[in-house]
Structure formats: C-alpha cells, structure tokens
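There are 2 protein chains.
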Amino acid sequence: MLNILVTNDDGINAPGIAALVEIAKEFGQVTVVAPDSPQSGQGHAITLKNPLRLKEVNVFKDTKSYQCDGTPADCVKLAKYVIFKNKTIDLCLSGINHGSNASINIIYSGTMSAAMEASIDGIPSIGFSLDDFAFNADFTAAKHYARIIIKQYIEHLDSANTLLNVNFPNLSQELIKGIKVCEQGDGRWEENFQEGVDPYGGKYYWLTGKFHLNKTNTKSDIEALKDGYVSIVPSWHNLTDRQMLDKYNYLEIG
Amino acid sequence: MLNILVTNDDGINAPGIAALVEIAKEFGQVTVVAPDSPQSGQGHAITLKNPLRLKEVNVFKDTKSYQCDGTPADCVKLAKYVIFKNKTIDLCLSGINHGSNASINIIYSGTMSAAMEASIDGIPSIGFSLDDFAFNADFTAAKHYARIIIKQYIEHLDSANTLLNVNFPNLSQELIKGIKVCEQGDGRWEENFQEGVDPYGGKYYWLTGKFHLNKTNTKSDIEALKDGYVSIVPSWHNLTDRQMLDKYNYLEIG
Chain D
1 MLNILVTNDD
11 GINAPGIAAL
21 VEIAKEFGQV
31 TVVAPDSPQS
41 GQGHAITLKN
51 PLRLKEVNVF
61 KDTKSYQCDG
71 TPADCVKLAK
81 YVIFKNKTID
91 LCLSGINHGS
101 NASINIIYSG
111 TMSAAMEASI
121 DGIPSIGFSL
131 DDFAFNADFT
141 AAKHYARIII
151 KQYIEHLDSA
161 NTLLNVNFPN
171 LSQELIKGIK
181 VCEQGDGRWE
191 ENFQEGVDPY
201 GGKYYWLTGK
211 FHLNKTNTKS
221 DIEALKDGYV
231 SIVPSWHNLT
241 DRQMLDKYNY
251 LEIG
Chain Z
1 MLNILVTNDD
11 GINAPGIAAL
21 VEIAKEFGQV
31 TVVAPDSPQS
41 GQGHAITLKN
51 PLRLKEVNVF
61 KDTKSYQCDG
71 TPADCVKLAK
81 YVIFKNKTID
91 LCLSGINHGS
101 NASINIIYSG
111 TMSAAMEASI
121 DGIPSIGFSL
131 DDFAFNADFT
141 AAKHYARIII
151 KQYIEHLDSA
161 NTLLNVNFPN
171 LSQELIKGIK
181 VCEQGDGRWE
191 ENFQEGVDPY
201 GGKYYWLTGK
211 FHLNKTNTKS
221 DIEALKDGYV
231 SIVPSWHNLT
241 DRQMLDKYNY
251 LEIG
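One line per chain: the protein sequences are D and Z, in this order. Position 51, counted from 1, in the first sequence is what my numbering calls 51; the numbers after and before it change by one each time, with no gaps. Position 143, counted from 1, in the second sequence is what my numbering calls 143; the numbers after and before it change by one each time, with no gaps.
Just chain D, same shape as in the assembly:
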C-alpha cells in the first residue's frame, strides 16, 4: 500500500484537490496536507518569520486531512517532518491546479513548488494543472488522464524519479488527442498593472498580464497543449545553465 501525500495551492476547499484525492485513493493510503486558503502565485515561498498552524480537518471522506496557514512548500515540509515523520511518503501529488502551470508558470506556481519540495527529498512527485482558472472548472477529462499517468508512473517507479509537471488542455475527454512528454516552453508574462486609487486616496498597482511565447518549439508544453495534448515536462530543482558554464571563464580568478 503506497503512502500518498496530496497537496495543492488553491487551498484545501478547491474542487481541483477534491478531484485529485478521488483519483489518488485508487492507488494507496492518501493523506492531505494543504493550505487553508488560496496560495496561487506563491512560488517556492516558505514561512520563516512566523509560526505555522496545522489543523486536522474533515474535508475528504475516509481521508486523513490537515490544513495549514502557510504556503504550499510549508505544507509539504510539515507533512514530511511533522505528520509523516519517520513514515515514508511514497508519492506526492499536487493539484489539480485551477489554471495552467506550463512554460514559465512553473516558476510562480505554488502547486509545482509543493511538488518540487517533495522531489528535492527524492520523493516521486507529480504536479497537475488544468488550463482553466474557473473555480467550477470541469475536471472530468483531467481526472481520466491523471489516473492513466499515475498508474503508469507507479508501475515504473525506480530510484531516479523526476518531478513531473503535468498540464491538461481545457478540452473535453473526446477532444484530447493524447499525452506528450515535452520541454518547458520558452515564454514570459507581459505585465500590465491595473492602476487605481483606494478608498483612502492611496494609489495602487494591481498585477495583471498576458502570457507571451518567445519562441515556437514543437517539443514545448505550450505547443502540445495548443495541439490538444496533455503535456508532461520532466522537471527539477537544479537551475544551473550548463550550456553557459564555459562562457563565464573570464570571471575566474585564482
């Protein structure tokens, strides 16, 4: 029986995590540790200046569940060191996120950072996201494909598992063409701050923006999603740009 940790960044009451818990329970003993409120855009933030609270809650049927007032990465740290302690986490599943985490979004994503926080410690880990920000998004097709991916992933578990960034296109099951293993698409957000004045006369700036694809690449997650495929990007936490290592020899001294 696999010990499975389920978490997310939209908060423990989001429909996306309920969909993931439902599928995860088919594969093992599920424990949920998730934020008590939405944490989108938290990236890999951790809470250093304040204490964290952990509360056992009864959100999912027959499933041990905890909510935490910290970030998604905090949730996974608490799961590892307080809840599971010496018990092994065999698999971490994060999501299903309401909104795409393809391309550069992995950097800003609490969902992917939670999954990464597990994978840093060698825990096989998958983050799932649906390309639909709506609270009442339809997770039917996402659940179908999440089940297929988790089943295969578990059958192939070995000592060198990578974090997987899985994104589902916002399409019905019949329209999804399949699953592709991809590279992270080369994109960025073009910001466009909404400026306004608050009720007390203070000027504010509210972050908004538009995703922009820098380069087309038929192997990228963005293109796979556009073509109607579920995208999977094997990802990790080593940010070294290896191709550039030699470029900076001129900086070396001694």
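Watch out, some of these pointers could steer you wrong.
Any copy, or any two copies together, can satisfy a pair, since identical chains are not distinguished.
Unchecked claim - Simulated pairs of lysine-lysine, DSS-like, Cα-Cα distance not exceeding 25 Å:
#	residue 1	residue 2
1	Lys210	Lys25
2	Lys85	Lys203
3	Lys210	Lys87
4	Lys219	Lys64
Since the hints were derived computationally from the structure, they do not count as laboratory data.
Add chain Z to chain D, keeping to what the hints say.
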C-alpha cells in the same frame, strides 16, 4: 551610461543593499526598487490577490529609490512596467543578501527570484549573497569582489547573458582565494520544526533546519565557498530535466 536596477529581499533598509548601491553607482545610473520589509524565503512569490503600493523614498544619496509592499519579484515587475516603462534596464543587480543562496537556496531565495524575474525578460542580471545572516555582516570583501565581477560582466555583455548566482564566503578579503564558476551544489534542508504553544494555547510549528549536502562535487558552489572562493553559478528559469526526457516515453499516448 547604463541604467541599473538594484533590488533585494532583505528590504530597502538592509545594509547589504546599501553596499550594492555603493558599488553599482560606479557603473551607471542606479534606480532602487526594493521591498519595504524583509522578504527572505519568499522564493518567486508574486502578489495576485492584493494591490501593490509603490512609494518614492530618500534612502540612498543621489539615487532614485522606491519601496514596495510586495515581494522581490513584484518589485522587479513594477520596476520594468511602471518605473522604467519604455526605458531599457541594462543591468539588474540583486542583494547583497544577508545569507548564502548557494545550492538549493536559490529556490527559496527572494534575492535570486528578483534577479531571475529580470533575466526572464532578457535583462542581464546578477544576484549577490554573503554567507553571513547577521544584520551587521561585514560587506567589505563582498564589495571588493562584486566590483570586479560587475566590471568584467559589463565588459562582456552580449545578447546571451545568463542570470548569475554569486555567493561570497564569510571571509576577510585576504583570506578569499579567488572566484570560481560553478554548478549548483546538490543539497537540501533537513527541517526540524520548533514546536511550541502560543499565549492563547494554540500549538505552533516554526520552521528551522540544517543544510545537508547530498553529494560532493568539486565543481559545486558549496565546495568552492568551503575552499575560500567566491562562487558564480550561471543559472536560468528553465526547469526541464533534459537528461530525463527519454525516460518517460512510456507515458506518451497518441
């Protein structure tokens, strides 16, 4: 005259950013946009649910400076789209952080995420960190080496600049042996939550931990710092684990 953006995650009043502004001014026209309070551990968090406030302040002599109530990444987004607008940012310098951002710390670091936020848009960008968490850390040697690195980096600017993660050992200038270009060290934090009870009877968990090196690697930033060198890791925002792309062929459908 280069337009230089200086930011950090320890807040606009931290001694580390004052040290960096002092050096940066030798190389161009400096504008500071930094958080109004310490933001360590914020990773690549961005503020979506709340508006941001930006306030022009008079913290550094003869230097246009703004403080923002958001995260380090928010500061850079505001700098790009509100303060600089159509003016080019030629160089972004982040830090000098009070504390190391070598190895896995790059993931959690607001300093490095601010620098990365600039580099995502193609802005040449360097994050600097000193391996000393103290507020009154001695930045003398860090300033000396930051000056050398910035000078060389500017002389070699081209269309393919990488984000640099620069860490200074906590040593006096005479004891530093030189500068090494490195790979991100393979390490992780072993958490050890401090448990306690607050004044109202509520149980809390306070994150603390110990850095653990998984694998020794003579090319890593951790080893360079231990050996008395300034470490530089060319870094980027593409988290694809390219060596693992083929491993997951079994997941493909269609």
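Hints, one by one, checked against the model:
Proximity of lysine 210 and lysine 25 under a CA criterion of 25 Å is satisfied in neither setting, with 37 Å inside one chain copy and 34 Å between copies. For the homomeric pair lysine 85 and lysine 203, the shortest alpha-carbon distance between copies (17 Å) is at most 25 Å, but the shortest distance inside one copy (47 Å) is not. For the homomeric pair lysine 210 and lysine 87, the shortest alpha-carbon distance between copies (20 Å) is at most 25 Å, but the shortest distance inside one copy (43 Å) is not. With identical chains, the CA atoms of lysine 219 and lysine 64 are never at most 25 Å apart, being 39 Å at best within one copy and 44 Å at best between copies.
The earlier numbered hints that this structure contradicts are 1, 4.
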